[in-house]
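Asks: Build the full structure now, drawing on both the sequences and the hints.
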Amino acid sequence: MPASQFNNFTDYGIGIGLRAPHYNHILSRKPVVDWFEIISENFMIDGGRPLRILDQILEQYKVVQHGVSMYFGSAERPNREHLRRLKDLIQRTKTPWLTDHLCWGSVDGRYTHDLLPMPYTFEAAKITAQKIREVRDFLEVPIAVENVSSYAEFHVSEMTEWEFLNEVVERADCGILLDVNNIYVSSQNHGFNPHTYLAEVPAERVAQIHIAGHSKYRKYILDTHDHPVIDPVWRLYADAIRRAGHTATLLEWDDSIPSFDEVHREALKANKFLASESLATAV
Amino acid sequence: MNLLSLQRRMAHAVMTPLTPSEGMRRISPNGRPMREVAAEFIKPNDRLSSFERLEIYNRQYWFRVLSSFAEDFPGLRAVLGGRKFDAVAKAYLSACPSRSFTLRNLCSRLESWLRRHPTWAGSRQALAIDMVRLEWADIEAFDGKALPALKPEDLAGADASKLRLRLQPYLRLLDLRYPVDDLLLGVRGDEDTEFSSNAFSERRKRKRVLAVARLEPTPIFLAVHRLEESVYFRRLEREEFLILSKLREGKNLSSAINSGLQKSPIEPPDRPAKIQVWFHAWAALGWFCRP
Numbered sequence: 001m002p003a004s005q006f007n008n009f010t011d012y013g014i015g016i017g018l019r020a021p022h023y024n025h026i027l028s029r030k031p032v033v034d035w036f037e038i039i040s041e042n043f044m045i046d047g048g049r050p051l052r053i054l055d056q057i058l059e060q061y062k063v064v065q066h067g068v069s070m071y072f073g074s075a076e077r078p079n080r081e082h083l084r085r086l087k088d089l090i091q092r093t094k095t096p097w098l099t100d101h102l103c104w105g106s107v108d109g110r111y112t113h114d115l116l117p118m119p120y121t122f123e124a125a126k127i128t129a130q131k132i133r134e135v136r137d138f139l140e141v142p143i144a145v146e147n148v149s150s151y152a153e154f155h156v157s158e159m160t161e162w163e164f165l166n167e168v169v170e171r172a173d174c175g176i177l178l179d180v181n182n183i184y185v186s187s188q189n190h191g192f193n194p195h196t197y198l199a200e201v202p203a204e205r206v207a208q209i210h211i212a213g214h215s216k217y218r219k220y221i222l223d224t225h226d227h228p229v230i231d232p233v234w235r236l237y238a239d240a241i242r243r244a245g246h247t248a249t250l251l252e253w254d255d256s257i258p259s260f261d262e263v264h265r266e267a268l269k270a271n272k273f274l275a276s277e278s279l280a281t282a283v
Numbered sequence: 001m002n003l004l005s006l007q008r009r010m011a012h013a014v015m016t017p018l019t020p021s022e023g024m025r026r027i028s029p030n031g032r033p034m035r036e037v038a039a040e041f042i043k044p045n046d047r048l049s050s051f052e053r054l055e056i057y058n059r060q061y062w063f064r065v066l067s068s069f070a071e072d073f074p075g076l077r078a079v080l081g082g083r084k085f086d087a088v089a090k091a092y093l094s095a096c097p098s099r100s101f102t103l104r105n106l107c108s109r110l111e112s113w114l115r116r117h118p119t120w121a122g123s124r125q126a127l128a129i130d131m132v133r134l135e136w137a138d139i140e141a142f143d144g145k146a147l148p149a150l151k152p153e154d155l156a157g158a159d160a161s162k163l164r165l166r167l168q169p170y171l172r173l174l175d176l177r178y179p180v181d182d183l184l185l186g187v188r189g190d191e192d193t194e195f196s197s198n199a200f201s202e203r204r205k206r207k208r209v210l211a212v213a214r215l216e217p218t219p220i221f222l223a224v225h226r227l228e229e230s231v232y233f234r235r236l237e238r239e240e241f242l243i244l245s246k247l248r249e250g251k252n253l254s255s256a257i258n259s260g261l262q263k264s265p266i267e268p269p270d271r272p273a274k275i276q277v278w279f280h281a282w283a284a285l286g287w288f289c290r291p
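Line by line, the protein sequences give chains A and B.
Numbers 1 to 283, taken from my numbering, label the letters of the first sequence in order.
Numbers 1 to 291, taken from my numbering, label the letters of the second sequence in order.
Read the hints as simulated data drawn from the structure, not as lab findings.
A couple of the hints might just be wrong.
[Unchecked claim] Mimicking DSBU-like on lysine-lysine, the simulated pairs with C-alpha atoms at most 35 Å apart in a straight line are:
1) 216/A x 43/B
2) 207/B x 84/B
3) 151/B x 94/A
[As the list claims (entries may be wrong)] Short, incomplete list of chain A residues facing chain B, as computed with Cβ under 10 Å:
4) 47
5) 71
6) 116
7) 151
8) 156
9) 190
10) 219
11) 222
[What the hints assert, rightly or not] One-sided and incomplete, this derived list gives chain A residues near chain B with beta-carbon spacing under 8 Å:
12) 52
13) 55
14) 79
15) 82
16) 119
17) 122
18) 123
19) 124
20) 153
21) 154
22) 155
23) 191
24) 195
25) 269
No residue lacks a Cβ here, since even glycine has one placed at the ideal position from N, Cα and C.
Replies: Laid out in structure tokens, this is it:
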């Protein structure tokens, strides 16, 4: 049963990111996986092997699209070619919802290919929300925006990150892809309590949750997606599930990728928290 | 500072090349200390200065684009050697930052940039350009569009003087001065050899490049194509290349054949059989698509 208008997929369970080193394993062994998340940009192409693999995956699995370069927070208008290709891909995958990041990364037509942090201003919230609406109207699919990890804050910011997230999603009337690892990384880099952030997230808008690992350096933490999830992030996840209820959950592992089984095992640890939530709801 | 001006300022800083020791430059391209520039829009915290926080993004940007460049052009790296290759990558990416939402297109302007800046490749300019053309064609053939292949019945009753055959969009035709196809396959083979050490693999690559660089330029003609979703290089005879190129330009069949066989050393009595063999091979490889 849907938990809210933004969480229509309470039965989606636990997915993992579809990554090239696992293609052969998935296609030959056909492991039981609730769903796969694909990076949209990897498949916004005209033809060839990636699309053939995607079609084979689509025959057997549910797929959700996750983007890395829509840059809702960039001051410039959406790139029409990007939107056209994204729409083609949506028609192919029939993704039930689409996610991308609450960040910027391009300016004056030049792309950094990074997820750059937003200045938390009312002007930025307004521009970002307008762009989310524009993209959603063109693509005709529900959109959820993901909070990013960040390593810098701006003097011009007028609010906290969670206030900015609220401001944007309320104005855009969109969902949230809540990345609990990103909340943790940013909390360590900027010195706030991650549970305070979580408590302020509008739970009814959480459409999906990301979990991941990161790398710790002497003075900061980098969101590298190359390690297992650490306990403080699992605790945040448990908190998020308590607040938002059963929510489609995905483990990201993008670098130093271990075997499929290892990634899947790590993702399935989320079951423990989902099960406790089910028990609590039943009681 | 509004959103656009903040983003312009930060993007400019992030895309400024790193120092040789891979840190952020102390002085910005317009002569101002980067500490001042960073402090104007980025807050410091208890562990990192504004400069250090901005530097994280500056380094991430360059590591990402340089690694994408290196991944796409192992052949060019072998031709130029590691140090010169890194210099070319930095110079190209500084002059031609990405204008696409996908890193796949990062090096779409590399060939034209290299032609305009011949000093970067030095004496190996021609070899380097050939390699760049081949490696870019490989990228385009890998994920280019494939249309339904032409079937014999599509040609029923066709008049050769009017028939226009369409080539698959993924097919790339190259005229090259060096046998860079063999060189690239050798380089890839060296990289895939798990049992050899890096030093051994580098030495072998250098030897391969030297052997090709010493060759007198001899034109070769190549089709970079796709079969069962894998990319292959197929050597073509000069006439094959010319006929296929004319077909791609939209010439009709008889005009393409006539153009392709002009100045050909193939004796006229041998030509019909040759043409039949060529067309049979092209059709079998699925290079023709339905109009």
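Asks: Identify every previously stated hint that the structure contradicts and give their numbers, smallest first.
Replies: 13, 17, 24, 25
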